[in-house]
Amino acid sequence: RKEVEQDPGPFNVPEGATVAFNCTYSNSASQSFFWYRQDCRKEPKLLMSVYSSGNEDGRFTAQLNRASQYISLLIRDSKLSDSATYLCVVNIGGYSTLTFGKGTMLLVSP
Amino acid sequence: GAVVSQHPSWVICKSGTSVKIECRSLDFQATTMFWYRQFPKQSLMLMATSNEGSKATYEQGVEKDKFLINHASLTLSTLTVTSAHPEDSSFYICSASPGSANYGYTFGSGTRLTVV
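These protein sequence lines are chains A and B, in that order.
Letter by letter, the first sequence follows residues 1 to 110 in my numbering.
Letter by letter, the second sequence follows residues 111 to 226 in my numbering.
Just chain B, same shape as in the assembly (with noise of 0.2 Å):
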């Protein structure tokens, strides 16, 4: 159980258009999921909550205008990446849980972003 499917895994695209990534709960229903990125060699660090049916809240630093999160059903949740430039291409992960968070977190298959 608890499930998370992330898509595309991986994604080359050119420098000032926008990247779409869908993250999905399968078999449990999320009401907040998380998006995180990480860059080579460095840790996961946490860009944002989405939260199912109200505005995401964005980590400090993170451009909110740029990073567009749509969380519109129980079990979706999507990351845009608008007018992306080459030092977004990084590894972009989405979490979910299906109860507390007492009982860790489930990961998608993350998405690797060029951006050239």
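Chain A with its partners taken away, still in its complex shape (with noise of 0.2 Å):
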């Protein structure tokens, strides 16, 4: 079993449109989860931590389920601007270092 693992893309949507993604993983030791952003030929950027209790952003709505070890990523109302690739990431504390998933492509259509 891979250790992030994401929805497969790419995700077609017109604008508008209410889009959710999907991430489970293995190691149930891991601490900190975050979802970062990924545009072509670019470097990752954060764009949310995830929390216990769920957090928003604006039109970005992130959740954890640490029993069922998944994060969701819930996108409403999306703009052309958020076509990107998004990135599940996964970090068991400290100063260790951050998992990847494959990342789940994004493109929003006018």
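I should point out that these hints are in silico values taken from the structure, not numbers from a laboratory.
Some hints could be false.
[Unchecked claim] The calculated PhoX-like cross-link candidates involving lysine-lysine, where the alpha carbons are at most 25 Å apart (straight line), are:
| hint | chain 1 | residue 1 | chain 2 | residue 2 |
| --- | --- | --- | --- | --- |
| 1 | B | 130 | A | 42 |
| 2 | A | 42 | B | 165 |
| 3 | B | 130 | A | 79 |
[What the hints assert, rightly or not] Listed next, with one range per pair, are the computed distances between beta-carbon atoms:
| hint | chain 1 | residue 1 | chain 2 | residue 2 | range |
| --- | --- | --- | --- | --- | --- |
| 4 | B | 170 | A | 15 | 39 to 47 Å |
| 5 | A | 20 | B | 174 | 20 to 28 Å |
| 6 | B | 127 | A | 56 | 45 to 53 Å |
| 7 | B | 180 | A | 28 | 34 to 42 Å |
| 8 | B | 180 | A | 18 | 46 to 54 Å |
| 9 | B | 126 | A | 16 | 33 to 41 Å |
| 10 | B | 163 | A | 18 | 44 to 52 Å |
| 11 | A | 59 | B | 127 | 28 to 36 Å |
| 12 | A | 20 | B | 113 | 30 to 38 Å |
[To be verified] According to the in silico footprint, chain B covers these stretches of chain A (three or more CB under 8 Å from chain B):
| hint | stretch |
| --- | --- |
| 13 | 17-31 |
| 14 | 38-44 |
| 15 | 100-110 |
Think of the CB as a built atom: it goes at the ideal place given N, C-alpha and C, for glycine as much as any other residue.
Two chains, each in its own frame: build the complex with the hints.
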């Protein structure tokens, strides 16, 4: 089983749509969870951290279910500029490394 | 805050030559930096962990004699791809964090290496 698994893509949605990405992780000792965004041929950029209580940042909502080892990202009212690859990232804590999912590509069309 | 600068952004080199990539933390000190490699349509794969003042820790399958890492100061880590081959062509990215990884990491802008 892969350490971090994400929905296969690409997701093609029209502007204004709501889209949800799912991610599962295998290491139950994982402590920190993030969603990163990566544009084509660019470096990943932190989109948001994911907290146990769930958190929202504008049109983006992240959820964490530790029991099921499951993370989600919801994007409401999709914009063309949301088109990118979304990476689910997990860390087991401290100064250890990040483990990346393969990413899910989102394509928002007019 | 937490800016990581990576240089060069892209490089084309001939087979057999060596290429050095620099990663700098501009506004914080980083005792640990990470080097990743990403092939087209693939996820980022950790190559090695660079530790200031000590030897780097390499991931399984990464040749330490081919990918030389030097972390001589708290703000600079370098990755040298020695005797480069076309299969080394990839997107190399470094990252660091001003604190615990619990706050996420900041990435450099990446270096696109093409070996011809």
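Status of each hint after checking the structure:
1. 130(B) <-> 42(A): Holds. Residue 130(B) to residue 42(A) sits at ~19 Å (cutoff 25 Å).
2. 42(A) <-> 165(B): Roughly 29 Å between the alpha carbons, so the hint for residue 42(A) and residue 165(B) is violated.
3. 130(B) <-> 79(A): Violated - the C-alpha atoms of residue 79(A) and residue 130(B) are around 39 Å apart, more than 25 Å.
4. 170(B) <-> 15(A): 39 to 47 Å: holds (44 Å)
5. 20(A) <-> 174(B): 20 to 28 Å: violated (41 Å)
6. 127(B) <-> 56(A): 45 to 53 Å: For residue 127(B) and residue 56(A) the Cβ distance comes to about 50 Å; the hint holds.
7. 180(B) <-> 28(A): 34 to 42 Å: holds (36 Å)
8. 180(B) <-> 18(A): 46 to 54 Å: With Cβ atoms ~47 Å apart, the hint holds.
9. 126(B) <-> 16(A): 33 to 41 Å: Violated, at about 53 Å.
10. 163(B) <-> 18(A): 44 to 52 Å: Hint holds: Cβ distance 49 Å, inside 44 to 52 Å.
11. 59(A) <-> 127(B): 28 to 36 Å: 47 Å Cβ-Cβ, so the 28 to 36 Å window is violated.
12. 20(A) <-> 113(B): 30 to 38 Å: Distance hint for residue 20(A), residue 113(B) holds at roughly 32 Å.
13. 17-31: Violated - the stretch 17-31 of chain A has 1 residues with a Cβ nearer than 8 Å to chain B, which falls short of three.
14. 38-44: That given contact holds, which follows from 4 residues of the stretch 38-44 of chain A lying within Cβ reach (below 8 Å) of chain B.
15. 100-110: holds (count 4)
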